[in-house]
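> Hey, can you work out the whole structure from these sequences and the hints?
Protein chains in written order, with UniProt numbering: chain A, 1 to 102; chain B, 1 to 169; chain C, 1 to 99.
Keep in mind the hints are simulated off the structure, nothing from the lab.
Worth double-checking, as some hints may not be accurate.
[As the list claims (entries may be wrong)] SDA-like mimics (lysine to any residue), calculated; alpha carbons at most 25 Å apart, straight line:
1. K32/C x T16/A
2. K40/C x F4/A
3. K58/A x P123/B
4. K51/B x F73/B
5. K79/C x N26/C
6. K51/B x K116/B
7. K58/A x K150/B
8. K153/B x D65/C
9. K150/B x N26/C
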Amino acid sequence: MLFFSFFKTLVNHEVTVELKNDISVRGTLKSVDQYLNIKLDDISVVEEMKYPHLSSVKNVFIRGSVVRYVHLPANAVDTPLLEDATRREASQAASKAKQSSS
Amino acid sequence: MENLNLHDAGPPGPPPPGQHPPQNLGMPPPVPQLPPQMFTTAAQLLDLTDKKLMVALRDGRKLIGVLRSWDQFGNLVLQDTIERLFVQNLYADIERGLFLVRGENVSLLGEIDLDKDDYVPPPFQQADVEKVFALRKAENAMNKKLDKSKQKKLAAFGFEGEHHGEAIL
Amino acid sequence: MASPEGPGAVTSSVNEPLDLVRLSLNEVVFVKLRGDRELKGRLHAYDSHCNLVLGEVEETIYMVDEEEEGGNGEVRTMKKQSEMLFVRGDSVVLISPQA
Numbered sequence: 001m002l003f004f005s006f007f008k009t010l011v012n013h014e015v016t017v018e019l020k021n022d023i024s025v026r027g028t029l030k031s032v033d034q035y036l037n038i039k040l041d042d043i044s045v046v047e048e049m050k051y052p053h054l055s056s057v058k059n060v061f062i063r064g065s066v067v068r069y070v071h072l073p074a075n076a077v078d079t080p081l082l083e084d085a086t087r088r089e090a091s092q093a094a095s096k097a098k099q100s101s102s
Numbered sequence: 001m002e003n004l005n006l007h008d009a010g011p012p013g014p015p016p017p018g019q020h021p022p023q024n025l026g027m028p029p030p031v032p033q034l035p036p037q038m039f040t041t042a043a044q045l046l047d048l049t050d051k052k053l054m055v056a057l058r059d060g061r062k063l064i065g066v067l068r069s070w071d072q073f074g075n076l077v078l079q080d081t082i083e084r085l086f087v088q089n090l091y092a093d094i095e096r097g098l099f100l101v102r103g104e105n106v107s108l109l110g111e112i113d114l115d116k117d118d119y120v121p122p123p124f125q126q127a128d129v130e131k132v133f134a135l136r137k138a139e140n141a142m143n144k145k146l147d148k149s150k151q152k153k154l155a156a157f158g159f160e161g162e163h164h165g166e167a168i169l
Numbered sequence: 001m002a003s004p005e006g007p008g009a010v011t012s013s014v015n016e017p018l019d020l021v022r023l024s025l026n027e028v029v030f031v032k033l034r035g036d037r038e039l040k041g042r043l044h045a046y047d048s049h050c051n052l053v054l055g056e057v058e059e060t061i062y063m064v065d066e067e068e069e070g071g072n073g074e075v076r077t078m079k080k081q082s083e084m085l086f087v088r089g090d091s092v093v094l095i096s097p098q099a
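Printed below as a string of structure tokens:
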């Protein structure tokens with residue numbers, strides 16, 4: 001849930017999604033779901049000539065499982081807050097694991 | 001699921017667009033900044049329904065068709081589908097018809113801008129299906145061979161292939 | 001499982017593999033990935049899938065210029081920088097704290 005919540009805070013920011021097949025798509029993050037499927041608006045494709053099938057496409061739905069990276073604007077990320085949230089999520093996961101093994 | 005609508009406000013009402021409420025990262029209770037039903041697979045696919053889409057599959061195939069149905073797994077029904085092959089600076093369309101595509105094979109799908117409908121940028125030119133198909137097949141075989149040889153060299157650096165035989169394009 | 005440690009101990013010791021990663025928060029880590037890539041960057045977030053957020057990242061891509069393509073067949077590397085990067089966990093092979 002951590003990264004789902006994290007991406008929700010980045011809605012309407014410009015991001016670049018790099019896929020495992022090396023395509024990079026830049027656009028405005030419009031939506032994300034629990035699988036980290038991503039919807040981008042007003043897209044532009046890095047190396048457009050290599051991927052002609054995307055030249056008449058204006059928005060994309062990218063399946064989470066094919067994503068390698070999402071390049072984010074650093075100024076949109078509150079890193080101390082993110083680290084705290086990570087620790088909280090980790091301790092929740094640890095206590096859950098404990099409950100189920102006791 | 002069918003009754004979900006992006007325009008239904010989630011409780012409490014959505015903030016005016018353009019404002020970024022303070023971040024909340026998994027803190028209980030999560031304060032919804034935008035209606036939570038916006039953030040489901042269903043909502044993402046809902047506004048693509050009955051639209052003409054370009055669907056890129058994980059094996060590199062490109063399908064163009066009208067999205068008629070879908071579910072939470074991303075399984076899709078495409079109507080009047082064509083498959084578009086690209087190779088070098090040529091392309092060709094093959095009529096395929098009605099498809100049910102299993103969600104896990106989808107890499108990306110995009111709504112086709114009807115103003116630019118069927119626009120293929122130069123220098124790509126439409127060519128004979130048989131010709132493009134044969135060239136595509138040869139190029140795939142070549143890529144596979146090159147990929148294999150690359151992976152062999154990179155194995156010395158402790159890497160293994162990511163695609164496992166999947167085509168890159 | 002009865003633990004001799006108090007509930008507070010969970011957050012400060014290494015009981016499971018990902019606790020090691022937790023100790024690297026806000027530290028520079030090395031990450032090896034599928035697809036012939038490595039990353040070095042400051043760790044800001046992770047989860048149980050090894051999804052990560054790294055800041056001030058340097059990515060190293062290993063590539064081969066094949067002789068058939070006019071190269072010399074040797075392995076070379078390419079470096080890329082990124083200010084803030086989300087990395088999907090299924091590509092991660094290993095995470096190592098950098099001393």
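> None of the hints should be skipped; say for each whether it holds.
Status of each hint after checking the structure:
no., hint, verdict
1, K32/C x T16/A, "holds, 21 Å"
2, K40/C x F4/A, "holds, 24 Å"
3, K58/A x P123/B, "holds, 21 Å"
4, K51/B x F73/B, "holds, 19 Å"
5, K79/C x N26/C, "holds, 22 Å"
6, K51/B x K116/B, "holds, 14 Å"
7, K58/A x K150/B, "violated, 35 Å"
8, K153/B x D65/C, "holds, 11 Å"
9, K150/B x N26/C, "violated, 35 Å"
Of the numbered hints given earlier, the model fails hints 7 and 9; all others are met.
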